[in-house]
Amino acid sequence: MISIRNVSKHYGSFQVLADCSTEVAKGEVIVVCGPSGSGKSTLIKCVNGLEPFQQGEIWLNGISVGDPKTNLPRLRAHVGMVFQNFELFPHMSIIDNLTVAQVKVLGRNLDESTNKSLKLLDRVGLKTQAGKFPGQLSGGQQQRVAIARALCMDPICMLFDEPTSALDPEMINEVLDVMVELAREGMTMMVVTHEMGFARKVAHRVIFMDHGRIIEDAGKEDFFGTPRSERAQVFLSKILQH
Amino acid sequence: MISIRNVSKHYGSFQVLADCSTEVAKGEVIVVCGPSGSGKSTLIKCVNGLEPFQQGEIWLNGISVGDPKTNLPRLRAHVGMVFQNFELFPHMSIIDNLTVAQVKVLGRNLDESTNKSLKLLDRVGLKTQAGKFPGQLSGGQQQRVAIARALCMDPICMLFDEPTSALDPEMINEVLDVMVELAREGMTMMVVTHEMGFARKVAHRVIFMDHGRIIEDAGKEDFFGTPRSERAQVFLSKILQH
Amino acid sequence: AQESATLKKIKDSGTISLGHRESSIPFSYYDDKQQVIGYSHELMLKVVDAVKAELKLAKLDTRLMPVTSQNRIPLVQNGTVDIECGSTTNNTERQKQVAFSNTIFIIGTRLMTRKDSGIKDFPDLAGKNVVTTAGTTSERLLRKLNEDKKLNMNIISAKDHGESFLTLETGRAVAFMMDDALLYGEMAKAKRAGDWAVVGTPQSREAYGCMLRKDDPGFKKIVDSAIAKAMTSGEAERVYNKWFMNPIPPKGLNLNFVLSEDMKALFKNPNDKAFE
Amino acid sequence: MGYHWNWAVLLAPTPSGGVTYLDWLLSGLKVTVALSLSSWILALVLGSIMGVLRTVPNRWLSGIASAYVEIFRNIPLLVQLFIWYFVLPELLPVGIGTAFKQLDPMLQQFLSAWICLGFFTSARVCEQVRAGIGSLPRGQKSAALALGFTLPQTYRFVLVPMAFRLIVPPLTSEFLNIFKNSAVCSTIGLLELAAQGRQLVDYTAQAYESFIAVTLLYVLINVVVMVAMRKVEERTRVPGYMGGK
Amino acid sequence: MYEFDWSSIPGALPFLWRGMCISLEITLTAIGVGILWGTLLALMRLSKLRVLGWFAAGYVNLFRSVPLVMVLLWFFLIVPQLLEKLLGLPPGSDARLSSAIVGFALFESAYYSEIIRAGIQSVPKGQASAAYALGMTYGQAMQLVILPQAFRNMVPLLLTQAIILFQDTSLVYVSALADFFGAAYKVGDRDGRLVELLLFAGAVYFVICYSASLLVKRFQKGTSA
Ligand SMILES: Nc1ncnc2c1ncn2[C@@H]1O[C@H](COP(=O)(O)OP(=O)(O)OP(=O)(O)O)[C@@H](O)[C@H]1O
Ligand SMILES: Nc1ncnc2c1ncn2[C@@H]1O[C@H](COP(=O)(O)OP(=O)(O)OP(=O)(O)O)[C@@H](O)[C@H]1O
Ligand SMILES: [Mg+2]
Ligand SMILES: [Mg+2]
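Protein chains in written order, with our numbering: chain P, -19 to 222; chain X, -19 to 222; chain A, 4 to 279; chain L, 150 to 394; chain U, 1277 to 1501.
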């Protein structure tokens, strides 16, 4: 489904990604972790072409992302993406946040879109909030709306960039629960997160990055059992200790 | 040392603190926890008069904080406070951050202040960073500087407001380590935090707040053993689960 | 002399403030060294001499203050300038605010146009764009003429004479109506003075005077007598010839503006009558 | 001070007959309002386009937009006005220049003032729009693109609407400025409020009455605009966002 | 097509230069006074004392609702006598310059105070808390912590306003003061070369203001790094 082949990227002389390669099969859930600034967000943004990269190739469902001829908007319409800071559109109500792209991008009619939106809002437990504005919801609720918004587009896979790191500890679980359910239903997912509980529960593989490189790319059991690199070990011990 | 008696506070008609009472003895370490918006920050800011309160009394080392005749600046000079977002002064170098209040508030001379500052920077492991600016340090380093800055004033007690919640997971421990050490040396501390590992390790008592009320105020063993209120149980289960 | 507030002020401070214009050629304007010169200005200096003599001062400082058509009256009233001699028409409305000295010049309002424009007199202006300077008597006359004779002109009111002339020069208007002496003055600074002509029968006569503060007859008397003396003694005519019959700065052009009958009569019999 | 107050002058008939001096001031007020409103529309349209262009990831477009801003921002309004009115018609091809100069003079002045104020203000609006777009979290653009919006759609549906809501307060002060700046247009002979005030002084020599009346009328405009813009602000306020509470 | 004739510019340069000096003098004084008085106004506006807040708000709103041209006219007609009476200035002093300077300074203070107020409010509230928590008084917290950061944040805006102010000095034409624009206009008017002189003035203003705004940009980069 997603195939990342020898991707490198730099800002000026600063190397953000160095020769990264990995594959995500259909229905697979991949967790990406690593210290701050290691390039996790950049990698995941490269997958749907939000960040350009200079070398290598990324294939998504048989389409090359880096190819200048690719219609990126159409491609992105079918890749769901959830951001650390939710990035709901603050000037639109919740329901408008969910319908606007369906109408303007997919060309669905308004009724159909509204129905779909309400169904997905219901699924994340927020049907009653449809008329409110993002600023009136808690962080956890906003992030669930963001997931619903992505799901409205019937994505073939979902990308998550630290979806819980801006949340109050109490709200983390309501978001993780939605994600766990999604994973169990067989959605293909790439998730940047430090929630190792989530990784243990549903990830198939864990990727560990440092300084723009993929240092570990292992099955969940291998990773938590005996991570091979010292850097990953240190990192894990730090975030699991407290 | 700190005595909070029936304190209430409201913004307009909104009640932020409702009839809160507790005592902190010399050398005691108290952890305050509770859901977002429950009034934890407000309570701790009331202790050194950063927030005014309408009813009740707070006594700090025999001085009434709410009394209009109290010289608040002098009182605050001897209470260390550490904030969620560090609040170092970004336009001053690290060493200036540490010395400015010693010189301008305590009236120490510059040499003496600088010596003291360097000693405390050394203690938090950052002596080499003295000449840098806050923006050039990582979050964990900044928070350790903030602790050192508070310690420079020879505080009789320390207040912490979620000192680790703005940090990357990797950096939390370097800050907690400093705090654990401080607690073990017998500093009187009031700490708002969700780090239950820290609470288990050094707290003498844990206070649980919700909707501006102190719902639990129990010894550490009691609190983690069998918290009496349902709300606290739910909260604990949520933040400990993942 | 009578008790005069202005004279007292001048005596106490040892200074007299003179209001002048910046580009009323040839009455009061700057030469290329930014010195104030002109016909009205010279007469004003004669007044200063008379004041100095009257007060028996060994030394009298002068302070020069440029004024605009908009602020000249307030500046006289509030004491910033003691006397203003430029190209200010003496009329009854203004007399309510300030006093006027003996008349220093009499003009007629006429037209300036391009020599080859075919415009000979006011009736030729029908249906054309005509420019005049805002706030002048010419503007009023022109509007009245337009209504009375149904000439259907488009009247442009420019901010000052320089802008009026620019409007004429760039072809926005076919003619520029203004006090004849000032029209000659504008011609004196044109790129090609020879292209322009002053035509038409004068539409009105107007008297220029120096402005003084009201209700100070003591001061007015000195000013009036100084002006009268210059006129009856032939001194004023000499000044006239210097500015109107000889080459003048900035371009060394000779206005060749012959002394009119009105002016001759004035020089014989100085007075402070307005023409309205 | 030897000043002769006479407020009745406002109601006295003017020499051209039929109307009072107050009518002059009111007709000046009308010109000021018409000029300011029409210039404001021009400024908003041009400013929004340029503001968006300044933020697009294309060197050429953003370069053009920034040159535009620099030119119109760095020359005093007064000078720009003279250039539009006196200089530009001379630089145009003779036919067009002459045609322009044969228009009704009032129209010429109004057009020049309109274009001048519109362009001058648009440079300022442009900077506000750019700042508004720039102050949105970077993630907003990413989020819109990630949903499959094209870049123009992203601007149209997400960035510009939100940016405008954020910049209502600074736009309000630009809007107020345009009324005040229009006073400068009297220098090319346009009979707007300040010019009518000056004309009143020329004709009646009652300077203080005129200045006071004109100043009060400007304050009045200001109050009306502020009240109106507060309404706009309330209307566009985003719940749960920036002071929306 | 118009025939250009630039010949009157070289001879007029000394006069134009004097005009430029007047423009700069007005600008610099108004900036200095504007920042000081503007800071005071901003502090009043933010103070808990209602009366001070009202005074500052009234002052700012009044000045911001009247066109600068009108303000200058007022100050030209009223301030000279006031100054001469109150300060006992010698009558020989040039009232045009002093009144223009006072008018600009008071007018710009209103604008500067709004910028500085925004600057103070842009400093995170936690910074004030942190300063108080270290035992600083209001004055110390303002002087050592809040104002330095506020000014740092506001430098670009303050400079931009200074550029606007410099351009606005052209409006002193109402008092016939020969600032740079006035000088150029007068020379152009006298020599019948208005178009050339205006274009020249425009070019000079552009060069100066554009250079200044480049400076602002460099400054912005410097501080944000
Ligand atoms: N536009 C940019 N220009 C220059 N450097 C950039 C830019 N965006 C990101 N970087 C740098 O690229 C590196 C990787 O950034 P990235 O956001 O991918 O890290 P990350 O692993 O997601 O970190 P975090 O856990 O903090 O989100 C960082 O060092 C960052 O400073
Ligand atoms: N200046 C203010 N005006 C009105 N309400 C306020 C103000 N400051 C705080 N509050 C409200 O007071 C309540 C308590 O705030 P406080 O910051 O003490 O909560 P907290 O327990 O520290 O939460 P968190 O975990 O999010 O920091 C919140 O509901 C907050 O919205
Ligand atoms: Mg990231
Ligand atoms: Mg808090």
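No wet-lab data here; the hints were simulated from the structure.
Don't take each hint at face value.
[What the hints assert, rightly or not] Simulated crosslink set (SDA-like; lysine to any residue; CA at most 25 Å straight-line): (1) X:K49 / U:R1428; (2) P:K84 / P:K112; (3) A:K131 / L:Y357; (4) A:K153 / A:P205; (5) U:K1401 / X:N65; (6) U:K1401 / X:T206; (7) A:K162 / L:A377; (8) P:K181 / P:G166.
Note that this is a predicted model, so its numbers are computed, not measured.
Evaluation of the provided hints:
1. X:K49 / U:R1428: violated (36 Å)
2. P:K84 / P:K112: Given pair P:K84, P:K112 holds - Cα atoms ~21 Å apart, limit 25 Å.
3. A:K131 / L:Y357: violated (36 Å)
4. A:K153 / A:P205: holds (19 Å)
5. U:K1401 / X:N65: holds (11 Å)
6. U:K1401 / X:T206: violated (39 Å)
7. A:K162 / L:A377: violated (34 Å)
8. P:K181 / P:G166: Holds: P:K181 and P:G166 sit about 14 Å apart, inside 25 Å.
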